[in-house]
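*Asks:* Numbered by mature numbering (1 follows the signal peptide of the UniProt record, and there is no 0), the letters in the sequence shown go through residues -16 to -1, 1 to 148 in order.
Take these hints with a grain of salt, some might be off.
[As the list claims (entries may be wrong)] Listed next, the in silico DSS-like pairs over lysine-lysine satisfying Cα-Cα at most 27 Å (straight line): (1) K131 - K(-7); (2) K54 - K87; (3) K10 - K102; (4) K1 - K138; (5) K43 - K10; (6) K83 - K102; (7) K102 - K48; (8) K43 - K87; (9) K87 - K102; (10) K10 - K(-7); (11) K54 - K43; (12) K87 - K10; (13) K54 - K83; (14) K10 - K48; (15) K43 - K102; (16) K83 - K43; (17) K3 - K131; (18) K10 - K54.
[What the hints assert, rightly or not] Quick list of simulated restraints, FRET-style, between CB atoms: (19) C98 - D13: 19 to 29 Å; (20) D17 - E76: 18 to 28 Å; (21) L(-5) - V119: 14 to 24 Å; (22) I31 - Q114: 31 to 41 Å; (23) G2 - D86: 31 to 41 Å; (24) T12 - F146: 45 to 55 Å; (25) N96 - D6: 27 to 37 Å; (26) G85 - P51: 13 to 23 Å; (27) T74 - Q123: 20 to 30 Å; (28) L132 - L24: 55 to 65 Å; (29) L(-10) - N96: 47 to 57 Å; (30) K3 - E95: 23 to 33 Å.
Treat the hints as calculated values from the structure; they're not laboratory data.
All figures in this text were calculated on a predicted structure; none of them were measured in a lab.
Ideal Cβ positions, reconstructed from N, Cα and C, are used throughout, including at glycine.
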Amino acid sequence: MLISFILLGKYLEVLAKGKTSDALAKLTDLAPDTAFLLSLDDDDNVISEIEISTQLIQKNDILKVAPGAKVPVDGIVVRGHSYVNESMITGEATPISKKLGDKVIGGTMNENGCLLVKATHVGSETALSQIVQLVEAAQLARAPVQKLADQISKFFVPTVSFFV
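Put together the whole structure using the sequences plus the hints.
*Replies:* See the structure below:
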């Protein structure tokens, strides 16, 4: 009977970890694979625009976020106005107005206007990456109640087996 409960607990743990892994995959899919890097002249006019991997973005790069595109990294709006859907981070269903000087979060969806964004946090420093890291750490950690159950079962199972 006790072994059945232990096996049931292990099975439920595997199911929960599987669902967490699926959630992690969905989180990492929120970040776009590419972004449009802009080169500006001294008067802040756009000289060139090239599509690059988001892994190549560096702090202070100026990026173009077109309507309907995902914001590639955390940054500050340096030009433009739009509404950004931040529901994946904040849970807020209504898109948030973003204008000059406002912060944007990587992985969120630019709804309608074109934004120029200065990258402030890239790679593992982005809010999305930090959320993924926290979920991964929580998945690997054992809950205190799991540790207690393991300690009890170490003594309980041999004791019961001895008396049977």
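*Asks:* Taking the earlier hints as the rules, which of them does this structure contradict?
*Replies:* none
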